[in-house]
Amino acid sequence: MSTPTTSFGREAAAALARSKNEPAWLVAWREEAGELASKLDLPKPEKMPIQRWTLDQYGTHRPGNAVTAAAELPAAINELLLAEEQGALIVQHNSSVVFTRLSEDLKAKGVVLTSLEEAARTHEKLVRDHLMTAFAKDEHKLAAVHAALWNGGVFLYVPRNVDIEFPIQALMFADDAEATFMPHILIVADTNSRVSFVEQAATLIEGESATLLHNSAVEVFAKAGAHVRYAAVHHMDDVVIDVSYRRATLENDARVEWIVGELHDGNTLTDTKSILKGNGSTSDTKIISIGTGSQRMSLTTQAVHFGKSSESDMVTRAVMKEEATAIINGITKIEHGATKANGQQTEKVLMLSPKARGDANPILLIDEDDVKAGHAASVGQVNEEQLYYLMSRGISRGEAERLIIHGFLDPVVSEIPLAGLREQLHRILERKLG
Amino acid sequence: MSTQFEIRGLKSQIEGKEILKGIDLKIQGGEIHAIMGPNGTGKSTLASALMGHPKYEVTEGEVTLNGEDVLEMGVDERARAGLFLGMQYPSEITGVTNADFLRSAINARRGEGNEISLIKFVRQMEGKMKELEMNPEFMHRYLNEGFSGGEKKRNEILQMMMLDPKIVVLDEIDSGLDIDALKIVAAGVNAMRSPERGFLIITHYQRLLNYVKPDFVHVMMQGRIVKSGGPELAERLEAEGYDWVKEELGIVDETVGQA
Chain A
22 MSTPTTSFGR EAAAALARSK NEPAWLVAWR EEAGELASKL DLPKPEKMPI
72 QRWTLDQYGT HRPGNAVTAA AELPAAINEL LLAEEQGALI VQHNSSVVFT
122 RLSEDLKAKG VVLTSLEEAA RTHEKLVRDH LMTAFAKDEH KLAAVHAALW
172 NGGVFLYVPR NVDIEFPIQA LMFADDAEAT FMPHILIVAD TNSRVSFVEQ
222 AATLIEGESA TLLHNSAVEV FAKAGAHVRY AAVHHMDDVV IDVSYRRATL
272 ENDARVEWIV GELHDGNTLT DTKSILKGNG STSDTKIISI GTGSQRMSLT
322 TQAVHFGKSS ESDMVTRAVM KEEATAIING ITKIEHGATK ANGQQTEKVL
372 MLSPKARGDA NPILLIDEDD VKAGHAASVG QVNEEQLYYL MSRGISRGEA
422 ERLIIHGFLD PVVSEIPLAG LREQLHRILE RKLG
Chain B
38 MSTQFEIRGL KSQIEGKEIL KGIDLKIQGG EIHAIMGPNG TGKSTLASAL
88 MGHPKYEVTE GEVTLNGEDV LEMGVDERAR AGLFLGMQYP SEITGVTNAD
138 FLRSAINARR GEGNEISLIK FVRQMEGKMK ELEMNPEFMH RYLNEGFSGG
188 EKKRNEILQM MMLDPKIVVL DEIDSGLDID ALKIVAAGVN AMRSPERGFL
238 IITHYQRLLN YVKPDFVHVM MQGRIVKSGG PELAERLEAE GYDWVKEELG
288 IVDETVGQA
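Chains as they are written, first to last, in the working numbering: chain A, 22 to 455; chain B, 38 to 296.
Just so you know, the hints here were simulated from the structure itself, not pulled from any lab data.
Since we're looking at a predicted model, the values are computed, not measured.
Watch out, some of these pointers could steer you wrong.
[As the list claims (entries may be wrong)] Under the rule of at most 27 Å between Cα atoms (straight-line distance), these lysine-lysine pairs were calculated in the DSS-like manner: (1) A:Lys146 with A:Lys41; (2) B:Lys250 with B:Lys165; (3) B:Lys63 with B:Lys48; (4) A:Lys376 with B:Lys165; (5) A:Lys342 with B:Lys92; (6) A:Lys329 with A:Lys376.
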């Protein structure tokens, strides 16, 4: 069992950073975060009492086993890799990054792909200028804990005008319930660059009673005209708590696409937010989720518009089985001065059992007159008329339900532009929907 | 054996209100029966009760298809036994493409291990869609989603053609169709006429019957078949309306179960 670190604070954070031989600036930065962690309160997501979750088990530093090829990874992890062999890859195992692959061609173009720990030494300025500026370490206790303890992690820098053809993959996995497993992924996409990034979080700790806290964060900085497509698929074991804060900051004419499969088996708290600072910037967010067992999920999408003519679209579709609960929040905020902005959002929940719960909360906060904004939300069960119609053609009830449930998610899944990821999602959906 | 479909003394209610008050009808393979009648007389209820819609409770009577008890079967079993209902208001189903849906329906009949090959299925579907002058795009569109009224009806006929049923019930398949679409739908029905297959066409217009010649015409009022005849009955109804039938039978209000 990991030690409950209730005494966690300034000294503990600094001591850990020093023991990992982190640069002085980062030790001081961790110290500050540790201080905040001991003072700040937990966030208060809508209708989700997360204070009952065991969020105070931070684990201990357990570096993973370095490998020299992806084939040396555990088979169950290796098979998660998408078929795009040509692409770059980075793998975190428990508390550290154990494998990085980047083609000579991309290196020559100035692309950087390393663990964030490494980048804190080798690319200090870039890291310091961006790290936890979109997701502030004083936002709440979970942010401060993450800042104090993040480990391994990913730093991706795509230079100006560089277009990376194949998606870059990150595999974050844990098989030690006592490890600190808190990756931070930092992506800086410079002017007019293009990149697709696919992150998967998985664990191999079935059957253990311990709670592993995956307290992770993603920050994407899309500079002027940059296009970043960020896909995340989380499917960890039910003893794991998934806390994932995702933030993107967009400059003029930048575009960010979030494609997220919240397919984790345990309690989940995620918040995916685009901050549209630049004029003409656009953000597209697609989230699918399946809740099973007695898991609790709080899934939030946000778009904040500062830039003129900025556009955002957010879609969340969730299927809740058994006794699962999902609270789905969508927040579109249009700041004063963001004229001609357009913010749209849709949240839909399909409940498959009388004990499943779903709640969709669309919120529009508009401080500018010359804008467009819209929302749609629905929570419901499988439609009996639709079942009757399918069955009237000879399709059994079970198969008809399967078609309707998969169909409910299809408008999101079918639009995922990466074929390998689409197939991966189909496999996980089949497993989770049974 | 030629198809035999028999309805005997069928009574059905919805939310406690009796709508069908005893229907008797025998349809043999090769025959086309038309059921006509004003709105609210129980025609669509008959169609839904035969298919097994969960809201319609059958309280009395028997329905058999080639000797098999239809009322004992679930909705999907009725369909697999050979019953087809072309619906007045087909459901829209997001995320399920027309092609995936039809292939599932065909495979449900063929059973596991005997699934239709994708290429054969696509060829068949394309061919039938062409006959019905449907845009090939509709193959990969979500089922009935964003289809116009006429496109939905054509899609019902497409399903009928693909599923090759023994007894076809068409519930107001002609409503909302312009004359060109009506002709295409009628041609589809005529192409399916066979000694193995019986039809029950429910309509309140004679219009469709100009293109699909019925062998028998029945008039429904107050939840019963009140008059039966040949094609000439439909023509007289078209020319003179229903008032003469009501007078002849002493019916004042022909509707049933209306509030």
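Taking the hints in turn, this is what the structure says about them:
Among the hinted pairs, A:Lys146 with A:Lys41 is consistent with the structure: their alpha-carbon atoms are about 20 Å apart, no more than 27 Å. Between B:Lys250 and B:Lys165 the CA atoms are separated by roughly 22 Å; this keeps the pair inside 27 Å, and the hint holds. Note on B:Lys63 and B:Lys48: the hinted pairing holds, with a Cα-Cα distance of about 16 Å set against a maximum of 27 Å. Of the pairs offered as hints, the one joining A:Lys376 and B:Lys165 is violated, with about 44 Å between alpha carbons and a cut-off of 27 Å exceeded.
Proximity of A:Lys342 to B:Lys92 is assessed by CA-CA distance (about 26 Å); at most 27 Å being required, the pair is judged to hold. About 44 Å separates the Cα atoms of A:Lys329 and A:Lys376, which puts this hinted pair outside 27 Å; it is violated.
Violated hints, in rising order: 4 and 6; the structure is consistent with all others.
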